[in-house]
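If you read the sequences in order, they're chains A and B.
For what it's worth, numbering that gives the first Met the number 0 labels the leading residue of the first sequence as 0, then goes sequentially.
For what it's worth, numbering that gives the first Met the number 0 labels the leading residue of the second sequence as 0, then goes sequentially.
Heads up, some of the hints might be wrong.
Calculated lysine-lysine pairs in the PhoX-like style (CA-CA distance at most 20 angstroms, straight line) [unchecked claim]:
(1) Lys230/A / Lys307/A
(2) Lys362/A / Lys307/A
(3) Lys32/A / Lys2/A
(4) Lys81/A / Lys275/B
(5) Lys81/B / Lys275/A
(6) Lys230/B / Lys275/B
Label-pair distances were calculated between CB atoms; the ranges are [claimed, not checked]:
(7) Asp144/B / Gly267/A: 44 to 54 angstroms
(8) Ala20/A / Lys321/B: 47 to 57 angstroms
(9) Val167/A / Val147/B: 12 to 22 angstroms
(10) Glu245/B / Ala165/A: 25 to 35 angstroms
(11) Gly163/B / His151/A: 33 to 43 angstroms
(12) Asp386/B / Lys81/A: 50 to 60 angstroms
(13) His151/A / Lys32/B: 56 to 66 angstroms
(14) Glu5/B / Glu245/A: 56 to 66 angstroms
(15) Arg7/B / Pro154/A: 20 to 30 angstroms
(16) Gln17/A / Glu302/B: 23 to 33 angstroms
(17) Pro266/B / Ala165/A: 28 to 38 angstroms
(18) Asn148/A / Gly252/B: 14 to 24 angstroms
The set of hints was computed from the structure by calculation and includes no laboratory data.
Everything numeric in this text was worked out from a predicted model, so none of it was measured.
Built from N, CA and C at the ideal position, the CB exists for glycine as well.
2 protein chains.
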Amino acid sequence: MPKINEKRMLADLRRVAQFGAYRTGVHRPTYSKEDMDSRRWLAQQYEAVGLQAHIDGVGNVFGMPRSERRSLLIGSHAESQKYAGWLDGALGVIYGLEIARTFAEAPDCAGLPIAPVGWADEEGHYVSLLGSRSFVGDIEEAEIDRAVNVDHGLPLREALFGAGLAGVSRSLVEPGRYVGYLEAHIEQGDALETSRKRIGVVTSVVGIWQYSIVFHGIQNHAGTTRMAIRKDAGVAAAMLAMAVAERFPKVAGPHSVWTTGRITLEPGGSNIIPGKAEMLFQFRDSETPVLERLDAGLRELVEETATKTGCRADIERTETGKPWQMDPAFQAAIENAAARHAPGAYVRMPSGASHDAQVVARKLRAAMLFVPSIGGISHHWTENTDDADLVLGCQVLADAAETILRGESR
Amino acid sequence: MPKINEKRMLADLRRVAQFGAYRTGVHRPTYSKEDMDSRRWLAQQYEAVGLQAHIDGVGNVFGMPRSERRSLLIGSHAESQKYAGWLDGALGVIYGLEIARTFAEAPDCAGLPIAPVGWADEEGHYVSLLGSRSFVGDIEEAEIDRAVNVDHGLPLREALFGAGLAGVSRSLVEPGRYVGYLEAHIEQGDALETSRKRIGVVTSVVGIWQYSIVFHGIQNHAGTTRMAIRKDAGVAAAMLAMAVAERFPKVAGPHSVWTTGRITLEPGGSNIIPGKAEMLFQFRDSETPVLERLDAGLRELVEETATKTGCRADIERTETGKPWQMDPAFQAAIENAAARHAPGAYVRMPSGASHDAQVVARKLRAAMLFVPSIGGISHHWTENTDDADLVLGCQVLADAAETILRGESR
Chain A
0 MPKINEKRML ADLRRVAQFG AYRTGVHRPT YSKEDMDSRR WLAQQYEAVG LQAHIDGVGN
60 VFGMPRSERR SLLIGSHAES QKYAGWLDGA LGVIYGLEIA RTFAEAPDCA GLPIAPVGWA
120 DEEGHYVSLL GSRSFVGDIE EAEIDRAVNV DHGLPLREAL FGAGLAGVSR SLVEPGRYVG
180 YLEAHIEQGD ALETSRKRIG VVTSVVGIWQ YSIVFHGIQN HAGTTRMAIR KDAGVAAAML
240 AMAVAERFPK VAGPHSVWTT GRITLEPGGS NIIPGKAEML FQFRDSETPV LERLDAGLRE
300 LVEETATKTG CRADIERTET GKPWQMDPAF QAAIENAAAR HAPGAYVRMP SGASHDAQVV
360 ARKLRAAMLF VPSIGGISHH WTENTDDADL VLGCQVLADA AETILRGESR
Chain B
0 MPKINEKRML ADLRRVAQFG AYRTGVHRPT YSKEDMDSRR WLAQQYEAVG LQAHIDGVGN
60 VFGMPRSERR SLLIGSHAES QKYAGWLDGA LGVIYGLEIA RTFAEAPDCA GLPIAPVGWA
120 DEEGHYVSLL GSRSFVGDIE EAEIDRAVNV DHGLPLREAL FGAGLAGVSR SLVEPGRYVG
180 YLEAHIEQGD ALETSRKRIG VVTSVVGIWQ YSIVFHGIQN HAGTTRMAIR KDAGVAAAML
240 AMAVAERFPK VAGPHSVWTT GRITLEPGGS NIIPGKAEML FQFRDSETPV LERLDAGLRE
300 LVEETATKTG CRADIERTET GKPWQMDPAF QAAIENAAAR HAPGAYVRMP SGASHDAQVV
360 ARKLRAAMLF VPSIGGISHH WTENTDDADL VLGCQVLADA AETILRGESR
C-alpha cells in the first residue's frame, strides 16, 4: 500500500490556508484574488507532479494524468466560506494532491492514474455547487448570465472576467475517462466526535428541500386594532414554526433535520401589526420517501395554520435537491482501508451537508470520507481537526484509491 | 352656541392636504420642505384671525390670543406619517384654527380666547411626541443632540438647521396662561364605525410598554447538526410568540392589545441554525395595574421559554409609557355637546394610540374627541372620514370649548 507523506500533506494544508488567512481560518470567496492565487498555486503543484494542469471556464482546477488508462478523480472545492475554517474544501483538495504525488512516487502505483481536482464555488458565493454542476453538464449559459454574488451583487460574468476566465471553455465530464470520484471532507457536525470515531464512511448525501412560506394578514395599527379582529401574519408564522417543531418528529426519519433560517415580518415596525410574514424553511434527508412525507406534512400544517389564523398562505418549494446514494463498492473500499488503519474507529453515516460528490455521482461512481470536526464546528474560523485525524483520513483515502484503481472494488 | 363655518373648515383641510399631496393622502414628514411650508401657511392663517403666530425651536406653531384671559389650547400635530392619510394630525390642527376663527367672529364669544396649535413630530420621524414633550419641559438638549431621522439618519440638529429653526427658542408651557387643552383626532380603529357611533369621547390614552427580547442559541450548520443537540434561537422566539398568544388573554384587560412587530433571526441564512433571535414586542393598556400584570406575565413566559429551549434570554423594557386619564369635566363637556348634535351616536372609549394630549395632560387639564375612520384604516393613504363626521366633530369640539371657557365645566 502506498504510504502518504504526512509532513508534506500537513504543510500543504497550512500553505493553502495562507491564501486569505483570517485569524486561525480563511476568507477566500470564489474568484477573489486570494481564491484565484490559490487555484494557480494548485495548478503549479499539479504540474510539479507531472500532471497536465488547467483551470477551466468556471475556475475548476484539474490535474490530468498523461496516461491512456482511466483515472480516479479525487478532490473537493478550493474556495472557502466567508471568514470561515481552513479545512472546509481545502482538506479534500490537498488529499487529492497528496495522493497523486504519493502514487506518482510509489514504484508499484505508477500505473494507477490519479486526477486531482479543485472545484469552484461549491459554497455558493455565486451559485452553489457551480463547478461540479458545470462539469456534469448541469449549468446553462443563461444561468451563468443571471447569477450575481449573494453578498455584493457583482454579476458572475464580471467576476469570471476579473478572474481571467472570460472566454475559457468549461470542462465537461467524459465518463469513459474516469473510474470514479472520491471526496474527503470534514464532518461539520459532532457525530464522529461524540461517538469517538475517526473516519466516517458516507453512505449518502442528503437532499435539501427548501421553501418560501408567506402568510398574508392585515397590516394595521398596533394600538387601535382590537385583538379580536386582527389577522397578524407574524402570529401565523410563529404558529407554523411551533406546529413544525411538534409534529415533524412524528413523520421524520432518524437523520432528518429541519430549520427555519429566516422570518421576515413586514413592515417590521414596533407599532404596526405585521401584514406579511415570510419564512425561509428547509429540511434534509437521504431518503426520497421521507422527503416526500415531510413535504406533505409541511403543506398540511401550513394549511391548518392559515385556517386557524385567517391569514392566506403561499408555499413555494424553491429547491428540490435529490439525495444521492454513494457507490457501495467504493464505500466498501473506504471501509476496508479504515478497518486496517483505525480498527473500530470508523462508522457509516449519511452526510447532512451538500457536497460536490452528490453532483459528480450523477455521472460517475462516487464516494466520500469524513474526518471529525472538533466540537462539531464548521463555517466559522475556529473550525479544526486533530492533525492525527488529518493524516489518518488521507492515508485511508489513498488506500481506498489504490483498491479502486486496481479494480478490486466492483 | 357658536356655529362653525363648515365649508371653510373642509376647504382648509383640503388646502393643507396639498402640502405633500400623495395619491388621496399626504407625505409630509417633519421638517421636510412640505412640512415647513404647511407650518408657515398655518402661522399665516393664525395671524389672519388676529392671533400672534410663532413657530418655536422644534417647529410647534402657536397662535396666541392678544388677551389677558386664560386661553384654551386646541390642536394636534401638523406633520403626517410617511405616504399616509390626509386627516391624521391635520384634522385636529384645522379644528383648532376653525374654532379660533368662529369664536373671533361670534359676537358673544369674543372674550373666550382660543389658542390653536400645530405640534411637531408626534409621529416620531425623529422623536415621538417631540413638540408636545418640548412644550411640557420633557426634552433635554442632549436628547435633541442625539436624535436622528429614523429613515435616513439625518441628525435632528441638521434638520432643524435646514428648517430655519436653529437658535430659535423652544416654547415652554406656562400653566397659568391656559384653561386646558383639547385635541380631536381620527379614531384609527373601527370601534366607532362598527358600533355606528360618530363621536368618541376619549376617557384615557393608553400607556405603551415596549420590549426588546433576545434569545441566544447556538449558531450551527442546518444540515449536520442533529435535532437533538440544537439550541435554535428562532424556535425560542416562535415559542414565546405562541405562549403570549395563548396566555395573555388570561391576564389582559378588556382593551389590552399586544403585538410582535419584528422578529430578526441571525445570521438569517437558509442553511444556518439561528444563533440569535430578537423580537420587538409591545403591549398597551390605559390602566397601570394591567400594564404591570402583562409585564410580569411576559417575563414569566420569557423565562419559561428559555428553560424549555436551552436558549439564554435577555429582556429589556425600552419604553414605559404612562397611561393618562383625560379630565372628567372636559370629557363631560364633549359628551354633552355630542348629545346635542348627535344624540345616541357617541361613546366613551380609551385611545389605543398615543397622542400629544397625553403629554400635555401632565401640565394642563386635557381631553380628546375621536371621529370615525372609514374601515378603521390609518397610516395609509386611503385613510378617510365622511365629510358629515368631519363637520360634526368640529362643531362638537367648538361647543365643548365654549362650555369649558365659560367656566361651566369644573
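Here is how each hint holds up against the structure:
Our distance criterion of 20 angstroms between C-alpha atoms is met by Lys230/A and Lys307/A, whose separation comes to about 10 angstroms. The hinted pair formed by Lys362/A and Lys307/A fails the criterion: a straight-line CA distance of about 47 angstroms is larger than 20 angstroms. The straight-line distance between the Cα atoms of Lys32/A and Lys2/A is roughly 34 angstroms, outside the 20 angstroms bound, and the hint therefore fails. The suggested pairing of Lys81/A with Lys275/B holds, with an alpha-carbon distance near 19 angstroms, which does not exceed 20 angstroms.
Distance hint between Lys81/B and Lys275/A is fulfilled; the C-alpha atoms sit about 19 angstroms from each other, no more than 20 angstroms. Straight-line distance between C-alpha atoms of Lys230/B and Lys275/B comes to about 10 angstroms, which keeps the hinted pair within the 20 angstroms bound. Our hint of 44 to 54 angstroms for Asp144/B and Gly267/A is violated, since their Cβ atoms are close to 27 angstroms apart. With their beta carbons about 55 angstroms apart, Ala20/A and Lys321/B fall inside the hinted range of 47 to 57 angstroms.
The given range of 12 to 22 angstroms is broken by Val167/A and Val147/B, whose C-beta atoms sit roughly 49 angstroms from each other. At about 59 angstroms, the beta-carbon gap between Glu245/B and Ala165/A misses the expected band of 25 to 35 angstroms. Distance hint check: the CB atoms of Gly163/B and His151/A are about 40 angstroms apart, consistent with the given range 33 to 43 angstroms. One distance hint, 50 to 60 angstroms for the beta-carbon pair Asp386/B and Lys81/A, holds here, with the actual separation near 59 angstroms.
For His151/A and Lys32/B, the Cβ-Cβ distance of about 35 angstroms falls outside the hinted range of 56 to 66 angstroms, so the restraint is violated. Under the hint 56 to 66 angstroms, the C-beta atoms of Glu5/B and Glu245/A, about 59 angstroms apart, fit the expected range. For the pair Arg7/B and Pro154/A, the beta carbons lie near 59 angstroms from each other, so the given range of 20 to 30 angstroms is not met. Between Gln17/A and Glu302/B the beta carbons are some 48 angstroms apart, a value that contradicts the proposed interval 23 to 33 angstroms.
The hinted window of 28 to 38 angstroms between Pro266/B and Ala165/A holds, with their beta carbons roughly 32 angstroms apart. For the pair Asn148/A and Gly252/B, the beta carbons lie near 52 angstroms from each other, so the given range of 14 to 24 angstroms is not met.
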